[in-house]
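My request is simple: use the sequences and hints to build the entire structure.
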Amino acid sequence: MAVQTRTVTRAIVLSRWREAIGEVVEREAVFSWLMLAPAVLFLLAFVAYPFFYGIYLSLEQRVVGQPGIFVGLQNFVANTRDPVFWQTTRNTFVYTGGSTVLKLALGLGLALVMNQEFRLRNAIRAIVLLPWIVPTALSTVAWMWIFDPTLSVVNWLLVHSGLASVGPSWLGNGDLAMVSVIIANVWRGTPFYAITILAGLQTISQELHEAAAIDGAAAYQRFRNVTLPLIEPVLIITTMFSVIWTFSDFQLVYVLTGGGPANATQIFATYAFNVAVGAGQIGQGAAISLSMFPPLLLVIAALSLYLRRK
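Using the numbering used here, the letters of the sequence shown correspond one by one to residues 8 to 317.
Please keep in mind that the hints were generated in silico from the structure rather than gathered at the bench.
Watch out, some of these pointers could steer you wrong.
Label pairs and their calculated CB-CB ranges [stated by the list, open to error]:
| hint | residue 1 | residue 2 | range |
| --- | --- | --- | --- |
| 1 | 170 | 71 | 46 to 56 Å |
| 2 | 141 | 104 | 22 to 32 Å |
| 3 | 48 | 122 | 38 to 48 Å |
| 4 | 145 | 56 | 52 to 62 Å |
| 5 | 51 | 222 | 46 to 56 Å |
| 6 | 160 | 130 | 19 to 29 Å |
For each residue, glycine too, the CB sits at the ideal point set by N, CA and C.
Okay, structure coming up:
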């Protein structure tokens, strides 16, 4: 009898606990935090912790295999006296600016084309995504063959068309090397622009274009006064993400040129890696990598304020 009583009591207690937990979980605030918890933990573990640890390393004179010595802002001061750092800064802005402008223009044009009615439209949309889906390192190796002075198909076309007697060394010349990495980045990033802008174009009611056409607006006028204002938020957000990814790009530049020749394509990510891993100066490398944060923050803030005002 006592055993049966204890069993009934335990069942009642468990039932009340389940009801209490169910009431707590059903509260909107609690349920929201339970859903957000995995994402928050992921961000803390893989974004927040590396970021703050990078700040800690940048304040130390840390060499591989040796204990760190706190030096404050000396690593950042040393960067301002390093000519390669300033060359890297200029290269990063040229690489990001050139790539972003070209990706925006080509992506917008491609999205406008894919928004039309034609046969195999869905298949074309899927094919356009291939450069974005293929792993960066794998596609960059293909670009290495394209720009190779001996095997380059571009040089073969230039020579056999009579435009050049000898094919240029695309990755051996400083100016051409920067052009090469920008071309490779544009090829890879344009599909992201195209598909994202296409999604924005799909939300525009066709009745607006028809009304503008009835009022006598030409195709360019409809694009400028109807399409462009309506997809402007999409363009700004897409550009923001593209700037962040391009500014901190590593794989494409490192595989294609390694930052050469003579640091002509060195950007923040590759230079920080070469200093921290190649030279073993972890503290100095962390300071270089953190130098990309202030300009990125300014760009994001400017685009966000502009978007909010619009």
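Evaluation of the provided hints:
1. 170 - 71: 46 to 56 Å: holds (49 Å)
2. 141 - 104: 22 to 32 Å: About 25 Å separates the Cβ atoms of residue 141 and residue 104, which means 22 to 32 Å holds.
3. 48 - 122: 38 to 48 Å: Taking Cβ atoms as reference, residue 48 and residue 122 lie about 40 Å apart, which means the hint holds.
4. 145 - 56: 52 to 62 Å: Check failed, 30 Å falls outside 52 to 62 Å.
5. 51 - 222: 46 to 56 Å: holds (54 Å)
6. 160 - 130: 19 to 29 Å: holds (26 Å)
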